[in-house]
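Student: Sequence:
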Amino acid sequence: MNSAKHSTSASEAPQGPIAPEWVGIDHVQLAIPNGAEDDARDFYIGVLGLSEVPKPPLLAKRGGAWFEAGDVRLHVGVEESFVAASKAHPALTIENLASFIESSELDATWNNEIAGLTRCHIFDPFGNRIELVQT
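Residue numbers for the sequence shown follow numbering that gives the first Met the number 0, so the first one is 0 and each next one is one higher.
No lab work stands behind these hints, which were simulated from the structure alone.
It should be emphasised that the depicted structure is a prediction, and the values quoted were computed from it without experimental measurement.
Keep in mind that a hint or two might mislead.
What follows is a set of in silico ranges between Cβ atoms, one per label pair, in the way DEER data are often shown [stated by the list, open to error]:
{"id": "1", "residue 1": "Glu-112", "residue 2": "Pro-13", "range": "38 to 48 angstroms"}
{"id": "2", "residue 1": "Asp-37", "residue 2": "Glu-112", "range": "11 to 21 angstroms"}
{"id": "3", "residue 1": "Pro-13", "residue 2": "Leu-57", "range": "38 to 48 angstroms"}
{"id": "4", "residue 1": "Pro-56", "residue 2": "Ser-102", "range": "29 to 39 angstroms"}
{"id": "5", "residue 1": "Asp-106", "residue 2": "Glu-79", "range": "20 to 30 angstroms"}
Just so it is clear, CB atoms sit at the ideal spot from N, CA and C, and this is done for glycine as well.
Given only the sequences and the hints, what does the whole structure look like? Please build it.
Tutor: Given below as structure tokens:
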């Protein structure tokens with residue numbers, strides 16, 4: 000084993016990791032039970048008004064579905080040992096939150112714990128918590 004010490008000049012000194020340049024979130028994924036894609040479509044398309052987009056063929060074999068509207072991308076994936084995310088949740092921004100909730104049949108729990116922010120929580124048919132935030 001070579002025990003020779005190497006000296007490095009200041010210009011050769013190791014640099015720390017490069018900081019990430021965050022842009023945004025590409026998508027959020029929620030789990031659904033096996034075989035529940037049609038119920039997911041009924042909710043995410045029929046109730047929330049998202050559109051389904053095709054999954055790449057290799058990923059489509061796994062089940063689930065991809066939904067989007069504008070910059071919002073939400074994926075649902077089949078999980079064999081499904082457990083609903085009742086605490087962890089995506090927060091989706093919506094312009095017309097109050098009127099949307101009033102016109103829907105959603106059971107929304109409103110929350111005013113953050114000053115100046117209008118928000119509520121709903122649950123999808125599988126028990127996954129979703130926060131809706133007014134811009």
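Student: When the structure is checked against the list of hints, which entries are broken? Sort them ascending.
Tutor: Of the numbered hints given earlier, the structure breaks just one, which is hint 2.
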